[in-house]
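> Starting from the structure of chain A, add chain B where the hints point.
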Amino acid sequence: MFYCQADFCEMAGLTTSTSCRRRAVARLGAAISFAALASVASSVLAQQAKLAELADLSIEELANLEITSVSRRAERLADAAASIFVVTGDDIRHSGVTSLPEALRLAPNLQVARVDARQYAISARGFNGTVANKLLVRLDGRTVYTPLFSGVFWDAQDVFIEDVERIEVISGPGATLWGANAVNGVINVSTRPASETKGMLAFAGIGNRESAIGARYGTDLGDGALRVYGKAFNRDNTFRANGADVPDGWHNGQAGFRADWGTPASGFTLQGDAYRGTIDQLAPGDVRISGGNLLARWSRQLAAGDRLQVQAYFDHTDREIPGSFAERLDTFDVEFQHAFQAAERHFVTWGGGHRHSRDHVSNTPVLAFLPADPALRWTNLFVQDEIELGDRLRFTAGAKIESNPYTGWELLPSARLTWKPDVKRMVWGAVSRAVRAPARLDRELFVPGQPPFVLAGGPDFRSEISNVFELGYRAQPSARISYSLTAFHSVHDHLRTLEPIGGGAFIIGNKMEGNTNGLETWGSFQAAENWRLGAGALFLDQDLRFKPGSGDVNLASAGNDPKRQFSLRSSLDLRGNQEFDLMLRYVSRLPNPAVPSYTALDVRYALRLRKNLELSVTAQNLLERRHPEFGAAATRSEIERGLFFKLKHSL
Amino acid sequence: MKRLLLAAALLTAASVLAQADGAAETQIKAAFLYKFGGFVEWPMRAFQRPDSPFMIGVLGADAVAADLELVVAGRTVQGRPIAVRKLKRGEPFASLHVLFVGHAESARMAEILVAAKGQPLLIVTESEDALSHGSMINFVAVGDKVRFDVALPQAERGQLRISARLLAVARKVISG
Chain A
-19 MFYCQADFCE MAGLTTSTSC RRRAVARLGA AISFAALASV ASSVLAQQAK LAELADLSIE
41 ELANLEITSV SRRAERLADA AASIFVVTGD DIRHSGVTSL PEALRLAPNL QVARVDARQY
101 AISARGFNGT VANKLLVRLD GRTVYTPLFS GVFWDAQDVF IEDVERIEVI SGPGATLWGA
161 NAVNGVINVS TRPASETKGM LAFAGIGNRE SAIGARYGTD LGDGALRVYG KAFNRDNTFR
221 ANGADVPDGW HNGQAGFRAD WGTPASGFTL QGDAYRGTID QLAPGDVRIS GGNLLARWSR
281 QLAAGDRLQV QAYFDHTDRE IPGSFAERLD TFDVEFQHAF QAAERHFVTW GGGHRHSRDH
341 VSNTPVLAFL PADPALRWTN LFVQDEIELG DRLRFTAGAK IESNPYTGWE LLPSARLTWK
401 PDVKRMVWGA VSRAVRAPAR LDRELFVPGQ PPFVLAGGPD FRSEISNVFE LGYRAQPSAR
461 ISYSLTAFHS VHDHLRTLEP IGGGAFIIGN KMEGNTNGLE TWGSFQAAEN WRLGAGALFL
521 DQDLRFKPGS GDVNLASAGN DPKRQFSLRS SLDLRGNQEF DLMLRYVSRL PNPAVPSYTA
581 LDVRYALRLR KNLELSVTAQ NLLERRHPEF GAAATRSEIE RGLFFKLKHS L
Chain B
15 MKRLLLAAAL LTAASVLAQA DGAAETQIKA AFLYKFGGFV EWPMRAFQRP DSPFMIGVLG
75 ADAVAADLEL VVAGRTVQGR PIAVRKLKRG EPFASLHVLF VGHAESARMA EILVAAKGQP
135 LLIVTESEDA LSHGSMINFV AVGDKVRFDV ALPQAERGQL RISARLLAVA RKVISG
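As you go down the protein sequences, you meet chains A and B in turn. Anchor point for the first sequence: position 571 equals 551 in my numbering, and the numbering is continuous, going up by one each time. To convert a position in the second sequence, counted from 1, into my numbering, add 14.
Just so you know, the hints here were simulated from the structure itself, not pulled from any lab data. Don't take every hint at face value.
Below, simulated EDC-like cross-link-like pairs (lysine to aspartate or glutamate); rule was C-alpha separation at most 20 angstroms, straight line [unchecked claim]:
1. B:Lys102 / B:Glu119
2. B:Lys186 / A:Asp70
3. A:Lys491 / A:Asp532
4. A:Lys178 / B:Asp163
5. A:Lys178 / B:Asp143
6. A:Lys404 / A:Glu368
7. B:Lys186 / A:Asp473
8. A:Lys178 / B:Asp65
9. A:Lys178 / B:Glu142
10. B:Lys186 / A:Glu176
11. B:Lys186 / A:Glu145
12. B:Lys186 / B:Asp158
13. A:Lys628 / A:Glu145
14. A:Lys628 / A:Glu41
15. A:Lys591 / B:Glu170
16. B:Lys186 / A:Glu368
17. B:Lys100 / B:Asp76
18. A:Lys591 / B:Asp163
19. B:Lys186 / A:Glu40
20. A:Lys543 / A:Glu594
21. A:Lys404 / A:Glu145
22. A:Lys527 / A:Glu594
23. B:Lys186 / A:Glu41
Isolated chain A, as found in the complex:
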């Protein structure tokens, strides 16, 4: 849409308008050849469409737009053919949350349930539990994953939350790019490059549920930048429904650094963290966790927009739960990725990786992982081709092959189709096959710790398979409004079961199957210049059953999920120096073990006292004194109302 005002332009002495320029281009083109003309004209048109899109972005989105990474195209979220929600650093700041799992509550496509002072059950599209195993989580490119159960120990994963740039939450399979485990979702947490965190930032906070202190300092380092940080917190213990204390208070300290040279597209990054914490446990002693990691990433923008990236990291974690088990895990991981324009309409990304872990478990009389300290290896190779089928249609096909220590090579293919009728709307569809490869828990868990075993591992446990069909629609009808809608249908097979083998003993098998259907939707509305609203809803319908021949009786072991979840957010800036934020969320009841539905209201008020000094107060769960979010009534913790005051100073 543009005006043809050529004569007006020339009269007024203005530069030639689009249409004038197109005419000039046309004259030039005709002088050369018809083919060249067509190519120029279509390129100018494409350019104009791209610029129109840029002008439709909000000013915040513009500021977060990457200067053309791959193939020097400015890419944005709205183009991704997946159910993706991005929690920005600004969202996190506005919410007042102090931990990564709490920040994940901001993503409407995730299920987040707090279990006690340190544990969370986090999943997407169902199958939630404290050992949920179908979600892949990466912190700055480092996969935080325990091969023990293919999931995340949330108490060992922390970040300096003020320096988080964004959290991308993709619900649905991301297996082709991210590998086994990315069955129901991928969470990518990115911290800001060191060049964006120069100077000092210090905070101290205190409340009835936790206290925290932390500082970060960033500076130039040669032609790069470096930041270092340190933080410590205490989380108070939780309570039973009857008000009795649950001795699960948590004390943790963490320090780390990040150094960047060059730009993210063409540069070098070195970063690392170290942490140590203790969690109270009534008997026989406190839980201890500690660990550290070091990661290096090198990326290079090659000629013609091609891009190469190589990354390696080492990660060490220690966990000692007296009376249950102790684990010491060392992981070394290396991966590379190469993206290039393979042909005129083909953009190819390919890569591979290898991970080597040594997982040593000190077994106890209660349970044992046998063998106790295996060396585990995973290797993968993937390729993906993005094919432009026209100006509005894009087809992406890819596959990954990945080997795991238990079942050898697994194939993870996917195909995605994107149709953009105009710059404001997009329809996408995807078909994927995702695989949840066996974890040690599926193959090597024995209970009790010595024969005769009641649970004798899972000698024949094979990979769980999910075939997933997705259809999505995203639109930004005006600069103020945007929304997204995704429907999915997942067909699961070979889900984990407990099979009796006689004599009161069991082994782990694969005799459950079923479907999950659901709808994920969210939107945002800029109601006024200083007032932003957001809303999200989740509907989930799970139909699981045992296959013939199964002796299992407990379908609930697959996960415990709400059928509905709603959230509303409001962010209001008042007179430039105050912020008032609300978040209301509803989670419907969990079936088994039964947890009642709950509605929680979080409120934050922040006042900038001086240019560099901010005082904020965050109240969580305002509506109830306390409520449970997960677990069986007799043994679960309840999450109480929280009030947290925080003073933040930045220089």
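Same frame as chain A, but now just chain B:
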């Protein structure tokens, strides 16, 4: 003849690609220049008539000017049609509402901005130290992103009011 045509076509395609290659940063800046108009209040005297167009002048940044024309095609700022003017050195800034001074003129920045002082004119630059010479918004490359710093005293001198939302996006805000 056929070979000649083919060579010409290749040459054209290559030049188009090269143009697309370097375009992205200028495109983002062009989009910002258009967007800024929605977050700044000009005094009444900045517009001669109720229907006067919103004028953006570009000096020393032809690529940005070209992208900006595409960006503003068919759009309005505060209900006014937008006109983009590619300025020559020494041309007066009267009747402009936004002035963008590109890298190419960074050596003459002080001299240029003296001429703009006190006018209700939003001055946007992309050069180091430009804020100290009277610029109000200065683009900076932060990693892979285009961000900007804002100098409030200069804006106040020009009787411009910059909205809090714009300031919230700024990398750095220099006040009083």
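> With reference to the structure, classify each hint as holding or not holding.
Status of each hint after checking the structure:
no., hint, in the structure
1, B:Lys102 / B:Glu119, "holds, 11 angstroms"
2, B:Lys186 / A:Asp70, "holds, 15 angstroms"
3, A:Lys491 / A:Asp532, "holds, 8 angstroms"
4, A:Lys178 / B:Asp163, "holds, 15 angstroms"
5, A:Lys178 / B:Asp143, "holds, 18 angstroms"
6, A:Lys404 / A:Glu368, "holds, 19 angstroms"
7, B:Lys186 / A:Asp473, "violated, 53 angstroms"
8, A:Lys178 / B:Asp65, "violated, 45 angstroms"
9, A:Lys178 / B:Glu142, "holds, 17 angstroms"
10, B:Lys186 / A:Glu176, "holds, 11 angstroms"
11, B:Lys186 / A:Glu145, "holds, 17 angstroms"
12, B:Lys186 / B:Asp158, "holds, 17 angstroms"
13, A:Lys628 / A:Glu145, "holds, 18 angstroms"
14, A:Lys628 / A:Glu41, "violated, 26 angstroms"
15, A:Lys591 / B:Glu170, "holds, 18 angstroms"
16, B:Lys186 / A:Glu368, "violated, 40 angstroms"
17, B:Lys100 / B:Asp76, "holds, 7 angstroms"
18, A:Lys591 / B:Asp163, "holds, 15 angstroms"
19, B:Lys186 / A:Glu40, "holds, 14 angstroms"
20, A:Lys543 / A:Glu594, "violated, 39 angstroms"
21, A:Lys404 / A:Glu145, "violated, 26 angstroms"
22, A:Lys527 / A:Glu594, "violated, 58 angstroms"
23, B:Lys186 / A:Glu41, "holds, 17 angstroms"
Hints 7, 8, 14, 16, 20, 21 and 22, counting from the list given before, are not met by this structure.
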